[in-house]
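Residue numbers (our numbering), protein chains in the order written: chain Y, 26 to 303; chain D, 237 to 523; chain R, 15 to 492.
Simulated from the structure, these hints should not be mistaken for laboratory data. Check each hint, because a few of them may be wrong.
Stated by the list, open to error - Computed cross-link-like contacts, DSS-like style, restricted to lysine-lysine with a CA-CA straight-line distance of at most 27 Å:
#	chain 1	residue 1	chain 2	residue 2
1	Y	Lys92	R	Lys118
2	R	Lys99	R	Lys372
3	R	Lys297	R	Lys101
4	R	Lys154	R	Lys184
5	Y	Lys130	D	Lys239
6	D	Lys431	Y	Lys31
7	D	Lys289	Y	Lys130
8	D	Lys309	D	Lys517
9	D	Lys281	R	Lys99
10	R	Lys262	R	Lys290
11	R	Lys297	R	Lys219
12	R	Lys230	D	Lys281
13	D	Lys267	Y	Lys193
14	Y	Lys94	R	Lys130
15	Y	Lys132	D	Lys239
16	R	Lys130	R	Lys201
17	R	Lys219	D	Lys289
18	R	Lys372	R	Lys205
19	Y	Lys193	D	Lys239
20	D	Lys267	R	Lys99
21	D	Lys383	R	Lys230
22	R	Lys280	D	Lys281
23	R	Lys219	R	Lys201
24	D	Lys281	R	Lys297
On a predicted model such as this, the values are computed, not experimentally measured, just so you know.
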Amino acid sequence: MSRKTKESLSYNLGGLLKVALGILLIFPIIYGAGLSFMDAAEITTPPPKVLPRSFGYLENYITIFTKTKMLRFLLNSLLVSVLGTMGRLITAVTASFAFCFYEFKGKNFLFYLILGSMMIPGDAIILTNYLTVSRLGIMNTFLGLVIIYLVHANYIFMMRQSMLSLPKSLHEAALMDGCSSLRFLVSIVIPLSKPIITTISLSSFVGLWNIYLWPLLITNAEEMRTVQVGITMLNTAEQQSYGPIMAASCVALFPAIVIFLISQRYIVRGMTAGAVKG
Amino acid sequence: MKKLTKKIEPYLFLLPALILLGLFVYYPFGKTVIGSFFLIDRYGKFSSFAGLKNYIRLFSDEGFYRALFNTLKHLVMMVPSTIGLSLLLALISDKKSRFSRIYETLFCLSMAVSTAVAGKIFQMLFNPSLGIINSVFGLNISWLTDKTYALPALTVILIWTELGFSYIYLTAAIRNLPADVLESADVEGAGRLQKTWKIILPLISPSLFYLFCTLSVSSMIMVRLVLILTQGGPAGSTETLIYRMYNMAYNNSNYSSAYALGVVVFVMVLGLMILNFRMEKRSVFYE
Amino acid sequence: MKKKMKTRIITAVMAAALAAGMAGCGGGTSQNKADAPGKAASSDGGSSTGADGGIIELSLWHPMGGVNGETVERIAAGFNETVGKEKGIKVSPVYQGANADLAKKLKAAFQANDFKNMPDLTFCPAGETGYMQGIDVVVKAQDILDQNLIGLGIDDFEPAAIKALTCENKVVGLPYAPSAICMYYNKDAFKEAGLDPETPPRTIKELGEYSAKLTKRDGDTITQYGFGVLLDSWPLSSWIGQQDTDGKGYSLFGNNDNGHSAGMTKVEFDSNNTMKTFLTEYKAACETGSFKYLEDDRKNNFGAGNITITLASSADILGMNELAAGKFEVGVAYLPKVNDSSVGGVSCGGSALYPIDKGDADRLAAVYEYLKYLYTPQIQLEWHTSTGYLAAIPATYELEEYKEFIKEHPLYAVGAGQLHDSNMNIQEPMCGVGGAISGFIKDGIVSVLDGSSDIDSAVASMAQACNQALEDYNLANQ
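Take these sequences, add in the hints, and give me the full structure.
Okay, here's the thing in structure tokens:
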């Protein structure tokens, strides 16, 4: 055996081993997907199985699409995720822009004020936020659903880290040329920040796709529910029906995974770019 | 005029973020802080000034110390394991290869799974008689209902859900290291282990530090899985600080104590962060 | 005044900022406008309310999922097509999550005092009765029944259910969906073990004996448990209540008549010795090694044949039958008595209905119309036979249809029969910290069964923890 084949053998073997490890890591997902194709008897008869007898048993999926407004829930989640992500991007870009291209009074204080918000336990303030949203008259609306998510300190932090790598002289030059700051932000800074914007968008999308307690509190009409709330509706006090719950979980998981698969490369790229001059 | 615009411009750019944070984070938190000095009835009305009584009651309650212990125990199990495992995965996938796209995706896929969904799946995995874990390993453990195992079981689930992000974050950090530094190490004939220990780790220490901070905070305020799976039981073994607060407010209509606890948790997290940043100066390597 | 002004300014600034932000992203704002408050609820409702402005649309919040939720909707649809059509009322049931979530949402809505986002009629678990009593906009059952607003009086309802919803001697909620704890068992496994499936265990001691015979082992591991359930304050309220310690025919779980005559301030199960008696019997039965006393998805395991006897609500009958279908025959029996000297009996669980007065007399009148419909024996029967929950109106059991039904489904009679054979003073503790108390009971019992605590100290620490929780609660809610 030549050295080259030996190397490529160990290389392939190593690669395969890592893939195997990866499959082991996502085993819970495979398991959940398998359960969603089983009927109650198959789930409860020992020994426990990972894969269903056949993937032709679709009763669980039929149940969730006929007995709940699952499509509507998915659409709502999509809207919430998109709107919320847009809001987070706007607040993150504008705030970071101020932090990176300006010197002003209270800069450090404001930066720490924003970072400090990460340490406040969300559950301690959710009830007051409910009262605020109710007073604003936006209960049971998409605005009410997303309003508390429109700013995220972590994303401001990440965006700032990335923007710091842009030369400050750029701004001064632009101003000299008579370009307004807003225009400079929109036509120069934002395009240059594309990688980190992608990262934040995806991470935020997945995060918002998965929120639960707030939509539960804030929506009263079934038409306004998000998919995570919809899943818990299959859980009743009387029955623990694993099949439909797993099917609903898979339905909720599916879009998140697809988006993730498409964009994973960009996430890494965005993070790499963001870390250039940390 | 121009000078004035220039002066207020940064504030204008900060305005959206600050208004939202003010209204939906600092205003409610301020209310929580004020409320922690009052007696509040089950309808949320401040009935009388209590001074420090809520805090005194809180600190004289052994349930608080149990919740604190549980939370710290979770933190100690959670943070090193998550960072360690994700670092390991990131180190073995430091090179681009034919397989790398596949296993990278697999390694970080858990990032897309919500806590609720992960909770439901692991509930089945951990099920004593119908679940696959006991069956495969020939165990007979009531994972989520035995007070010895319940908290570690929850921690395992959370490690799994957090692993994806930590992995991808560290992978990005390693990929981003200047190639010449790594190459020069190769030239000098440093072994793989030595190279990792002496060069890669110090270089990515800011990233490790960032993970350490965010994971510590999220561990300190851990509650969601407890709500979904164990409701603090069995025998209070999974009652975290925030779950205790949640339970006080929503199930026991005891907002006074809940608010006080919320403030205490904030102070603890703040303290932890200050400590972290103190240590950072000594141990984190910046170029 | 100043504060209000401030809020308004902040609101305006924020709305402007948001609008600007959203517009920048294209398409965002129109979306938001389309979903203005109130509109969302009716947009999918189908029938137009604009043409004949006379229709009153009522929202009903409920915690029923699955088959039970479908029944709630079917009954509402039945009303909308008949009485509702005639009188211009449309009831729209909205599922708001299981009991805990529903209660959370109600409390938030009440705190916000936001009429627009409150239901017109809502379910609420019995544990929140004390809370509901203090809410002004909630119409109390005592007033409805005293003033004969829905054509029914207190005596028309299931007495134990009325008692369960009584606070300071006033009925707060209208009983709906009462239930009783029952013993479910696997008749085929009984036969296999040489036990008579028609004579299930009658006391805890017998339960232990039966369970031992029903347990199967493979070496050291148990492959089939005789009995399996994790106990909390729900079964315990029955087992404590049914011990006749001083000749009244029942015992109290907590003082002030279990919290019904005045707020509960301490538990009684320690001082009247009932918890100790129960634990002594139960520990002895458990020592057969055949009890699965930690929670292990008992319903699915019962359905799978891994547990042969368990405890569950009368409302579980459909689910249990479904799980066992094609595998074995399900038996339902009375809850075993603590011991021979106990009088037996169970507490009445369940939910309640509360109309909410939004200051519109016509709306409230429409709610009463719906309640009249809900409480007719025929509708109660439909509810009972479709869900397994018991009828709130005992007259239901006099119907010919019921007698026909019970001939074919005799197991349904067990829950109702058991409730009627029980002293109505056997009750769950009513207080603001019911969940916490249930947790302490759960932990205390497990600590005795796993040997980490002896009975006396377990009873003492359960009582101490419960009393502490009650004290904390009462301090904040004087």
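Evaluated hints:
1. For the hint linking Y/Lys92 to R/Lys118, the alpha-carbon distance of about 24 Å falls within 27 Å, and the restraint holds.
2. For the hint pairing R/Lys99 with R/Lys372, the CA-to-CA distance comes to about 23 Å; that is within 27 Å, so the pair holds.
3. This hinted pair does not check out: R/Lys297 and R/Lys101 have alpha carbons roughly 59 Å apart, beyond 27 Å.
4. Between R/Lys154 and R/Lys184 the alpha-carbon distance is near 9 Å, which keeps this suggested pair within the 27 Å criterion.
5. This hinted pair checks out: Y/Lys130 and D/Lys239 have alpha carbons roughly 15 Å apart, not beyond 27 Å.
6. About 24 Å separates the Cα atoms of D/Lys431 and Y/Lys31, which keeps this hinted pair within 27 Å; it holds.
7. A threshold of 27 Å between alpha carbons decides the hint, and for D/Lys289 with Y/Lys130 the separation of about 39 Å lies outside it, so the pair is violated.
8. Under the criterion of a C-alpha separation no larger than 27 Å, the hint pairing D/Lys309 with D/Lys517 is consistent with the structure, at around 26 Å.
9. Straight-line distance between C-alpha atoms of D/Lys281 and R/Lys99 comes to about 42 Å, which puts the hinted pair past the 27 Å bound.
10. Only pairs whose Cα atoms come within 27 Å are accepted, and R/Lys262 paired with R/Lys290 is accepted, the gap being roughly 19 Å.
11. The suggested pairing of R/Lys297 with R/Lys219 holds, with an alpha-carbon distance near 10 Å, which does not exceed 27 Å.
12. For the hint pairing R/Lys230 with D/Lys281, the CA-to-CA distance comes to about 57 Å; that exceeds 27 Å, so the pair is violated.
13. As the CA atoms of D/Lys267 and Y/Lys193 are separated by approximately 40 Å, the hinted pair breaks the 27 Å bound.
14. A C-alpha spacing of about 24 Å is found between Y/Lys94 and R/Lys130, which places the hinted pair at or below 27 Å, so the restraint holds.
15. A threshold of 27 Å between alpha carbons decides the hint, and for Y/Lys132 with D/Lys239 the separation of about 18 Å falls inside it, so the pair holds.
16. Distance hint between R/Lys130 and R/Lys201 is unfulfilled; the C-alpha atoms sit about 52 Å from each other, more than 27 Å.
17. Distance restraint check for R/Lys219 and D/Lys289: the Cα-Cα separation of roughly 48 Å exceeds the 27 Å cut-off, and the hinted pair is therefore not satisfied.
18. For the proposed pair R/Lys372 and R/Lys205, the alpha carbon gap of about 58 Å is over 27 Å, so the pair is violated.
19. Between Y/Lys193 and D/Lys239, the direct Cα distance comes to roughly 18 Å. Compliance with the 27 Å bound is thereby established for this hinted pair.
20. Distance restraint check for D/Lys267 and R/Lys99: the Cα-Cα separation of roughly 48 Å exceeds the 27 Å cut-off, and the hinted pair is therefore not satisfied.
21. Pair hint D/Lys383 plus R/Lys230 holds up; C-alpha atoms about 26 Å apart against a cutoff of 27 Å.
22. With a CA separation close to 25 Å, the supplied pair R/Lys280 and D/Lys281 stays within the 27 Å bound.
23. For the given pair, R/Lys219 sits about 19 Å from R/Lys201 by alpha-carbon distance, which is consistent with the 27 Å threshold.
24. Between D/Lys281 and R/Lys297, the direct Cα distance comes to roughly 45 Å. Violation of the 27 Å bound is thereby established for this hinted pair.
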